[in-house]
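**Q** Each chain, letter by letter, is given below.
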Amino acid sequence: MTSQSPTSKNSIRPYLVRLGVVIVISLVFTAVFNEVVFQFQRESYDRAPQVIELVIPAGTSKQVGAGQNEPVIPAEMSFVIGDTLQVKNEDSVSHQLGPIWVPADTTASLVMGQADKLAYSCSFTVSRYLNIDVYPPTTLGTRLAALIVAGPTTAALLFLYSLLMFPIRSKNSVILSTDEGLQAKTG
Amino acid sequence: MKTKFLYIGVGVLVGLALTLGVWKVLARSYTYQGSLINPPVPAADFTLTDQQGQPFRLSDQKGKVVLIFFGFTNCTDICPITMAQFTQIKDHLGDLAKDVRFVFITVDPQRDDVDALHTYVGKFDPSFLGLTGDPANLARVWKDYGVYVNQDATDGQDNYIDEHTARIYAIDAKSNLRLTYLYGTETDVIAQDISHLAREN
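Heads up: the protein sequence lines correspond to chains A and B, in order. So for the first sequence, this note's numbering puts the first residue at 3; every next one is plus one. So for the second sequence, this note's numbering puts the first residue at 81; every next one is plus one.
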């Protein structure tokens, strides 16, 4: 059984206190830094997955056939993984949008499972094509994961830096200059 | 002693109830990975002729999950790949495969007669069904399932080929159209969905 002397406990304690303070400062710093960067660089797809509904109005197929349809959707759409694209077909014929096939008067949906850039054939646009981008979402969870990675690393570096810049002096020890130290050793 | 057994019995029952509850919750929370038609719609019924020369009526398949693919026996890429995918899905399903019908419907009735379908389907799995019929009847089926067919294309050697929609349709045990998969969807993805669809029954 080993026991620590009161002296060794006292000598470790300031380091632990310093480490604790540094960890708190690092976490706050990295959280604020991450969040500021995120807010400056955030994109429309930096959000939690959601259901996105498209409606194909009645008479669309006739209008598309005549090259006249008004765009019901943009030529490009961005999704995040986990989004559900729900297509409601109010037309009298079936329509398709890439992997989604919607019989007349029904609704079909697809969960976006993986990040990808795809050009799909689309029966309800005049161009007959639709570009779909699926991104991995940057959510609160992603940002917390970044904090977990960045926080301890920053804390470690800051702790070492603080020891160099502001050395911890124990009450019983005297800091010697290099020359004095050498003299003390040889003397 | 009796009290001890009572406690054990109650513990086992509670454990079973919890397991069942968790299983039910997990089963309900399954997310289909194909294009899901929700709410489901009744699948358009049809009667065609199978590779044995026997009539096949879709509405007679209630109680079974039916997977349908439209293609032609002279196809050299998409159709054989999808049929091979059917065999892999069947393997993946294991015992559940007995509750699933794998159906190939021709888009080329001029060349795909009963004999041609018998030979073609047999190469993959004799239990698969190959269906043909008169062109007018088939055209109705293609239209009901949104199948595009173009028989004007050629392979560059004066052989005509059929350009067609390459999609798998999944019909549940209540004869409702539930899911579709575009060509290229991973086999495991389809197999997981169909496995779940068959268990729903």
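It is worth saying that the hints were derived from the structure and are not from the lab. Accuracy of the hints is not assured; some may be wrong.
When the alpha-carbon atoms are kept at most 30 Å apart in a straight line, the in silico BS3-like pairs for lysine-lysine are as follows [said to hold, decoys possible]: (1) B:LYS144 <-> B:LYS223; (2) B:LYS178 <-> B:LYS203; (3) A:LYS90 <-> B:LYS144; (4) B:LYS203 <-> A:LYS90; (5) B:LYS144 <-> B:LYS178; (6) B:LYS142 <-> B:LYS203; (7) B:LYS82 <-> B:LYS178; (8) B:LYS223 <-> B:LYS203; (9) B:LYS223 <-> A:LYS90; (10) B:LYS254 <-> B:LYS223; (11) B:LYS142 <-> B:LYS84; (12) B:LYS178 <-> B:LYS142; (13) B:LYS254 <-> A:LYS90; (14) B:LYS223 <-> A:LYS64.
**Q** Indicate, hint by hint, whether the structure satisfies it.
**A** Consistency of the hints with the structure:
1. B:LYS144 <-> B:LYS223: 23 Å, holds
2. B:LYS178 <-> B:LYS203: Holds, at about 19 Å.
3. A:LYS90 <-> B:LYS144: Holds, because 28 Å separates the two Cα atoms, which is no more than 30 Å.
4. B:LYS203 <-> A:LYS90: Distance of about 40 Å is beyond 30 Å: violated.
5. B:LYS144 <-> B:LYS178: 8 Å, holds
6. B:LYS142 <-> B:LYS203: Given that 30 Å is the threshold and the Cα spacing comes to 27 Å, the pair holds.
7. B:LYS82 <-> B:LYS178: Outside the cut-off at roughly 46 Å; violated.
8. B:LYS223 <-> B:LYS203: Distance ~28 Å between LYS223 of chain B and LYS203 of chain B Cα, so the pair holds.
9. B:LYS223 <-> A:LYS90: It holds: about 19 Å lies between the C-alpha atoms, which stays within 30 Å.
10. B:LYS254 <-> B:LYS223: Within the cut-off at roughly 22 Å; holds.
11. B:LYS142 <-> B:LYS84: With a Cα-Cα distance of about 50 Å, the restraint between LYS142 of chain B and LYS84 of chain B is violated, given a limit of 30 Å.
12. B:LYS178 <-> B:LYS142: With a Cα-Cα distance of about 13 Å, the restraint between LYS178 of chain B and LYS142 of chain B holds, given a limit of 30 Å.
13. B:LYS254 <-> A:LYS90: 23 Å, holds
14. B:LYS223 <-> A:LYS64: 16 Å, holds
Hints 4, 7, 11, counting from the list given before, are not met by this structure.
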